[in-house]
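Peer 1: Here the structure of chain A is known, so what remains is to put chain B in place on it, guided by the hints.
Heads up: the sequence lines are chains A and B, in that order.
Offset between the first sequence (1-based) and our numbering: plus 4.
Offset between the second sequence (1-based) and our numbering: plus 32.
By construction, these hints were calculated from the structure, which means they are not laboratory data.
As the structure is a prediction and not an experimental result, all values here were calculated from the model.
Virtual Cβ for every residue (Gly too), placed ideally from N, Cα, C.
Facing chain B, according to a computed beta carbon distance under 7 angstroms, are these residues of chain A, among others:
1. Arg78
2. Ala149
3. Gly159
4. Val160
5. Val171
6. Leu178
7. Leu182
8. Val186
9. Leu189
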Amino acid sequence: MIFGFPVLSVVIWLPIIFGVLVLATGNDRNAPLARYIALVGAILGFLVTLPLYTDFDKTTSAMQFVEMQDWITRFNIHYHLGVDGISMLFILLNSFFTPLVVIAGWKVIEKRVAQYMAAFLIMSGLVNGVFASLDAVLFYVYWEAMLIPMFIIIGVWGGPNRVYAAVKFFLYTLLGSLLMLVALLYLYYQSGGSFEILDYHQMAIPMTAQILVFIAFFMAFSVKVPMFPVHTWLPDAHVEAPTGGSVVLAAIMLKVGAYGFLRFSMPIAPDASHSLSGVMITLSLIAVVYIGLVALTQADMKKLVAYSSISHMGFVTLGFFIFNAYGIEGALLQMISHGFVAGALFLCIGVLYDRVHSRQIVDYGGVANKMPVFAAFFMLFAMANSGLPGTSGFVGEFLVIMGAVKANFWFAFLAASTLIFGAAYTLWMYKRVIFGAVTNDHVAHLHDIDLREKLILGVLAITVLGMGLYPLPFSEVLHVSVNDLLVHLARSKL
Amino acid sequence: MSFLSALFPAYAEIFLLVMVSVILIADLYTSGRTKTVTYLLVQLTLLGCSLITVATHQHGITYLFNGMYVDDLMSDVLKLLSYLAVSMMLVYSRSYLLARGLFSGEFLALVLFSLLGMMVMISASHFITLYLGLELLSLSLYAMVALQRDSAVATEAAMKYFILGALASGLLLYGMSMLYGATGTLDVRAITGAIQEGTANNALLVFGLVFVVSGLAFKLGAVPFHMWVPDVYQGAPTAMTMLIGTAPKLAAFAFVMRILVEGLQPLMVHWSGMLVILAVLSMAVGNISAIAQTNLKRMFAYSTIAHMGFLLVGVLSGGIEGYGSAMFYAVVYVLMSLGGFGMIMLLSREGFEADNLNDFKGLNQRSPWLAFMMLLLMFSMAGVPPTVGFYAKFSVLNAAVQAGHIPLVIMAVLFSLIGAFYYLRIVKLMYFDAPESHERIYMQPDSSLLISINGLAVLALGILPGTLMSVCAVSVQQSLLH
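Excised from the complex, chain A in its bound form (with noise of 0.2 angstroms):
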């Protein structure tokens, strides 16, 4: 709290509200104003959450802006908030996403527009709630919540397989999730009563009970993340989901599992996640290399982002796993990147789909004859994918290499061949898409992009090269609290 004013409590509940308010303005008579209100909303759900980045003590790794309630006594279940230096940035990453994909879906969502509009403001709520919960059972009910608003966003606005996708998104997740619950029920009863996280953090667990409990968790956020061999649902959604829902799956959600690494299977269960590193990090790897060279392959634009999100991840998956601070903080620093970049290529890809009504590959050609100022930006988010150094992708590709080298250097030599195939699967994405001469008709009817596509690529385009060419405002704010995460994990609690 700030001088007594609950600001996680309003970063959470703030968007939440004004989803409910939009809600209230009905059928689409009242889109305008569901839009508008909508904006409101989103804008000042961003700006609430400033005051967690200028207020926030870097000195510390303790949790701050702590709020802390009794909710359900009978099992002692409190509403317990508190950002470190690992959640606070996503929570900013999210609430910075909310507008851009309001605004982003300003035109395009002519069906049910309050709805659509009011699922993303909710979902914004939900996932700054995951991330700002310090008790299981609260982080668990965010967790499981924001599932609501995503599978109707697939399901109502998505393509033509978005049934099967919707609900194949949701079981996929439903099933992780309740074996954390029961990895949860299990700790709490260990703990003589806590649903604390931080009490979990330090209470002695014997080794197969950890071993059980990270592989409960790893159920749960390797789904979300998602590693190699669990990752199949994300291709089918992100295809499906409108292009607003793709960009929260890449840029949000997919945090929210490796989220969930440091915050609970590394910390609960160090001593097992040191005995699985291996296994850990042959599946980072298989991801990087594997799901990259997959992504070369790729037709769909869309599928060919998913995949490079997946092999992304990979990185960041690594980068935790190989438990020194350079892995951590790059893993957590692609984390923010990957969300800015795969973000905005969705959007790019949504700036073409809304034109064309394709997201085929062989559909394009010739763009850039056509859409000049949109091929710049798309350029640039292209090579920012790639890890091209200036852009922000480099700095957590970097960072998690060079801690890779620390570890084993074979482990780098494969994470660094992200590298080539992130270049070729992009570069070559872009030069079919972008290049060349006016294919057909429909690319010779383009017309670039207008203002309010402007400012959302905008917008990105300058967070993307000033995270690239002056990360410190972002890394400044991890070190305390990943250096100490490392001390933690480097005591053993049997």
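Peer 2: Then chain B, alone, in the frame of chain A:
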């Protein structure tokens, strides 16, 4: 103390019985097809019962009629919830039954008689009382299912219900007689004492227990004694299905508590093993069969079976945690079922039953509010937060983990994942599909208000579930103090 004032813990039952008689007679003298007077009289009776139950509540446990009747916090709470469930059921079903010419004085009287049966069951502390209550409840329900005389399906359902119900009662009686043979008493407390003394023939006890548990499983609709559930749920008029599927489950929970937990506690090693089998089978068969259904009522029937399996997990986990969570589960289940069946009746019209899954197609476009309420109810049944259904599952699983039943918990979790699929399908039909008809939905003000309250209650209790949880835990705790 005079005779009448000594009876005061049973005033609610006595009042109800008097009022049913009054209503039966009064109904003869009120004209009009809509039965407004009788209906209001019934609702007032329910209100009166609630007031009496609250007013006659006293701390601790009181026994009446030589220990055949017990009044404790659990019985009062369960009775109050039963009044509420029956009253809600009447509000939901009034226009539905009026449209089908079933809203007669006999129907209302039968509803109240079945409620009386539930109350007797809830307060029974003697096998004979339990049996009387159960039969009063069951016979009223059989008659109600058969009330739609010109419907072959309903008659068949009534027939099945009656025959299988009679079989179950027979099993139960047989088990009770064995227990009587082994212990020489039918009093719940005395049986506990007799078993603890160790003089009773153990083989006979366990045999009796098997029959009693089978009878219970029949009444709960747990697999493999579930065969009647889908047919009766589908065949009966929806209002009757709603009555069968809601308040009696509270009475059935009380039944389980009185017989197994209070009476046969020393045999817990035996019955908890049996319940494990019943629970796992119920969750498996219920959830898997529900996927294949195209009729919503039948789907709810299988989902009920699965929910009863979950409830049994709470019971077999034992302790205040286990029984409290099972009670919480039963209460939450009743609340969700009321909403689910209420929605079917709300969408039904004269000559048209909205009990097919396809009737829910595109509901979001026809009525976003109703679709949203149904969404809340479905996610609650699936156990997804922030709805109260999650906490029902949460508390049961928590009790099971504490009792060390980890494999059972993992199985329960996996089956509820399967269960999530068919609830999601309803959401999918409502939100993702185009409507088949664009006919306007005619909503009665009373039932549409109630469905809103019902749906929002599922959400509100999901955000603040603490009070209801504590009430359940405390009432179970107090009733086990004897």
